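Asker: For the protein sequence lines, the chains are Z and L, in the order given. Here the first sequence is numbered in our numbering, starting from 121 and rising by one per residue. Here the second sequence is numbered in our numbering, starting from 204 and rising by one per residue.
FYI, nobody ran anything at the bench for these hints, they're computed from the structure. Since the structure is predicted, the reported quantities are computational estimates derived from the model, not experimental observations. The C-beta atom is built at its ideal place from N, Cα and C for all residues, glycine as well. Accuracy of the hints is not assured; some may be wrong.
Said to hold, decoys possible - Some, not all, of what chain L presents toward chain Z, calculated at C-beta under 8 Å:
id	residue
1	Y343
2	I508
3	K520
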Amino acid sequence: MFDLSLISSTLTALTPILFAALAGALCQRAGVFNISLEGTLLVGCFAAVAGSWYTGSAWLGVLTAVLASAAYSLILAVGSVTFGGDAIVIGVAANLLAVGLTSFLIRTVFGTEGAFSDPALAGLDPVLGQSLLVYLSWLAVAAFAVLLYRHPWGLRLRGVGERPLAARTLGVSVTKYRYWAIIAGGALCGLGGAQLALGSVTLFAENMTAGRGWIAVVAVMLGRATPIGVLLAALLFGLAEALGFRLQGIGLPQQATDAAPYLVTLVALFLSSRRNRVSVQG
Amino acid sequence: MRTVVIAVLAALAVGTVLLLATGADPLLAYQAIVSGAFGPDGFADTLAYVVPVAGLATALAIPLRAGMVNLGGDGQLVLGAISAVSVGLGTGSAILALLAGVLAGGAYAALAALCENRFGVPLLISTLLLSYPAISLAGYLVRFPLTDEGSSLPQTSQLPDSARLPELVGIAVVLLVVAVYAVVDARTPAGFETRVTGWNARFAAYAGIDRPRLTVRLLAFSGGTAGLVGATVAMGFPYRFIDGALITPQYTWIGLLAALLARANPLGTLAAAVFFAALTSGGFAMERATQVPRELTAILQAVLILFLAATSGLLRKRGARV
Numbered sequence: 121m122f123d124l125s126l127i128s129s130t131l132t133a134l135t136p137i138l139f140a141a142l143a144g145a146l147c148q149r150a151g152v153f154n155i156s157l158e159g160t161l162l163v164g165c166f167a168a169v170a171g172s173w174y175t176g177s178a179w180l181g182v183l184t185a186v187l188a189s190a191a192y193s194l195i196l197a198v199g200s201v202t203f204g205g206d207a208i209v210i211g212v213a214a215n216l217l218a219v220g221l222t223s224f225l226i227r228t229v230f231g232t233e234g235a236f237s238d239p240a241l242a243g244l245d246p247v248l249g250q251s252l253l254v255y256l257s258w259l260a261v262a263a264f265a266v267l268l269y270r271h272p273w274g275l276r277l278r279g280v281g282e283r284p285l286a287a288r289t290l291g292v293s294v295t296k297y298r299y300w301a302i303i304a305g306g307a308l309c310g311l312g313g314a315q316l317a318l319g320s321v322t323l324f325a326e327n328m329t330a331g332r333g334w335i336a337v338v339a340v341m342l343g344r345a346t347p348i349g350v351l352l353a354a355l356l357f358g359l360a361e362a363l364g365f366r367l368q369g370i371g372l373p374q375q376a377t378d379a380a381p382y383l384v385t386l387v388a389l390f391l392s393s394r395r396n397r398v399s400v401q402g
Numbered sequence: 204m205r206t207v208v209i210a211v212l213a214a215l216a217v218g219t220v221l222l223l224a225t226g227a228d229p230l231l232a233y234q235a236i237v238s239g240a241f242g243p244d245g246f247a248d249t250l251a252y253v254v255p256v257a258g259l260a261t262a263l264a265i266p267l268r269a270g271m272v273n274l275g276g277d278g279q280l281v282l283g284a285i286s287a288v289s290v291g292l293g294t295g296s297a298i299l300a301l302l303a304g305v306l307a308g309g310a311y312a313a314l315a316a317l318c319e320n321r322f323g324v325p326l327l328i329s330t331l332l333l334s335y336p337a338i339s340l341a342g343y344l345v346r347f348p349l350t351d352e353g354s355s356l357p358q359t360s361q362l363p364d365s366a367r368l369p370e371l372v373g374i375a376v377v378l379l380v381v382a383v384y385a386v387v388d389a390r391t392p393a394g395f396e397t398r399v400t401g402w403n404a405r406f407a408a409y410a411g412i413d414r415p416r417l418t419v420r421l422l423a424f425s426g427g428t429a430g431l432v433g434a435t436v437a438m439g440f441p442y443r444f445i446d447g448a449l450i451t452p453q454y455t456w457i458g459l460l461a462a463l464l465a466r467a468n469p470l471g472t473l474a475a476a477v478f479f480a481a482l483t484s485g486g487f488a489m490e491r492a493t494q495v496p497r498e499l500t501a502i503l504q505a506v507l508i509l510f511l512a513a514t515s516g517l518l519r520k521r522g523a524r525v
């Protein structure tokens with residue numbers, strides 16, 4: 121049951137969620153509640169496929185995805201930081217916009233409905249069984265940890281998130297830090313989308329993120345927006361998804377295993393909240 | 204009012220750019236949307252969209268009135284629909300089927316409320332996470348135990364005549380739900396407690412409002428309404444549960460946006476939902492007339508909301524400074 125191929129499929133399932141969860145954690149630390157991860161990830165998927173298709177290079181596809189998702193995340197930045205709009209309203213609308221926009225574009229740009237795939241579409245070549253983005257996601261966790269705890273930038277970011285007024289008094293621009301957190305988060309979602317669309321498979325399908333951005337929102341909460349916490353939470357989900365695939369192989373219906381990651385996450389939330397409650401009492 | 208006009212103009216401008224980019228005539232497309240939504244041909248389509256969109260919008264508005272966000276509308280909707288169809292197929296009774304839909308949706312949403320009260324999992328997350336297993340369960344049921352043997356599609360058999368609902372019943376159900384919500388909201392202590400909690404949760408706690416109990420009740424009503432809507436839609440034409448038919452059109456998210464837009468005000472939510480439903484059915488007419496993908500109207504909706512959220516945020520900001 122537990123062998124190398126399970127680890128490998130866990131890594132594959134984990135990567136897009138990890139990128140999106142890091143994006144969410146970054147925003148959370150800056151004091152922005154980002155629930156538009158699902159939509160930003162989806163934009164990344166589409167841009168990766170479009171970029172790869174038009175340039176013929178998978179890595180230019182990744183670059184397109186990073187730029188497109190970063191640009192897309194400006195919606196949240198402008199709407200909530202500059203205009204002070206409700207982050208939940210903007211997040212829900214941005215997710216709906218991403219579904220509409222990518223479905224619109226797949227029909228106008230590629231002229232197909234539902235999914236676009238072509239043998240000529242360049243995907244990411246695996247290195248030691250995984251695309252380079254998989255390794256990059258772990259590096260991103262380390263980079264996030266170093267920036268957050270060992271760099272003045274991270275100190276200021278946390279200050280902006282926890283005590284925005286105090287940060288402003290000390291001359292730190294709250295607006296600037298929140299903007300960069302959201303935009304960097306968008307770029308991370310672009311990497312996640314590229315892995316999803318060019319890493320494990322090479323195609324774009326309408327709504328192909330299938331709730332991964334929402335799971336990332338949960339992972340941020342479960343991991344309390346810390347680098348290791350978010351990694352563990354995303355790992356839990358990736359493992360549940362990989363185990364689900366495995367169980368399908370021995371005859372369990374797909375619908376039963378599809379539900380598994382969500383239930384596992386819910387149980388993990390129960391357990392973590394119970395532990396915290398105990399620690400609060402102690 | 205001025206913010207609405209600005210937002211509508213902004214959405215139209217974005218739509219115009221997209222239409223010009225695809226080489227379509229914007230005026231023709233907008234005309235097709237309006238005549239498709241309200242013209243003699245499209246009006247029935249619009250009404251068919253009003254039932255799920257306005258129903259879900261009202262369902263999600265109920266807890267939103269107290270500042271609680273129910274993101275699990277999809278799960279409650281689908282669970283209500285599949286429960287109603289199962290009971291309808293088993294007993295042939297429309298009343299029992301509707302009741303099953305209400306109970307299934309309500310109990311499932313109440314479960315999410317218990318997750319918050321007992322385990323400290325925020326409602327936003329618990330409703331959302333519970334949604335996916337419900338969708339998977341329905342997907343399993345229509346493929347195996349309840350599947351229509353005569354077809355290869357993931358769908359149940361057709362309901363017997365006695366468990367079918369004519370289309371007008373769907374509209375009546377939704378109007379009834381809105382009316383009940385409006386009266387409870389404005390005229391009863393429960394509605395007052397809900398609004399007070401929405402205005403200021405701390406004050407509500409100080410005034411002795413039992414928040415955990417209110418959460419369970421509001422979520423039960425919210426999920427029950429979503430379940431009722433699911434039941435009503437599935438028991439209408441084509442009188443069966445089809446996997447994905449309630450999820451793909453994004454009823455939940457459009458409904459949630461309508462509720463958010465109207466700040467959960469009962470009649471405002473209905474008005475916003477009807478507008479969105481009209482826009483959606485107008486999109487189909489536009490696609491037939493101009494070959495522009497119907498998703499354009501989903502884009503218009505989202506852009507409209509984004510501009511409204513931004514401008515209302517700006518107004519609030521200015522108000523706070525003065």
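Asker: Per the CB criterion, is K520/L less than 8 Å away from chain Z?
Answerer: 4 Å, holds
Asker: Hint check: is the beta carbon of I508/L less than 8 Å from a beta carbon of chain Z?
Answerer: 4 Å, holds
Asker: Min Cβ distance, Y343/L to chain Z: is it shorter than 8 Å?
Answerer: 4 Å, holds
When the structure is compared with the earlier hints, no violation turns up for any of them.
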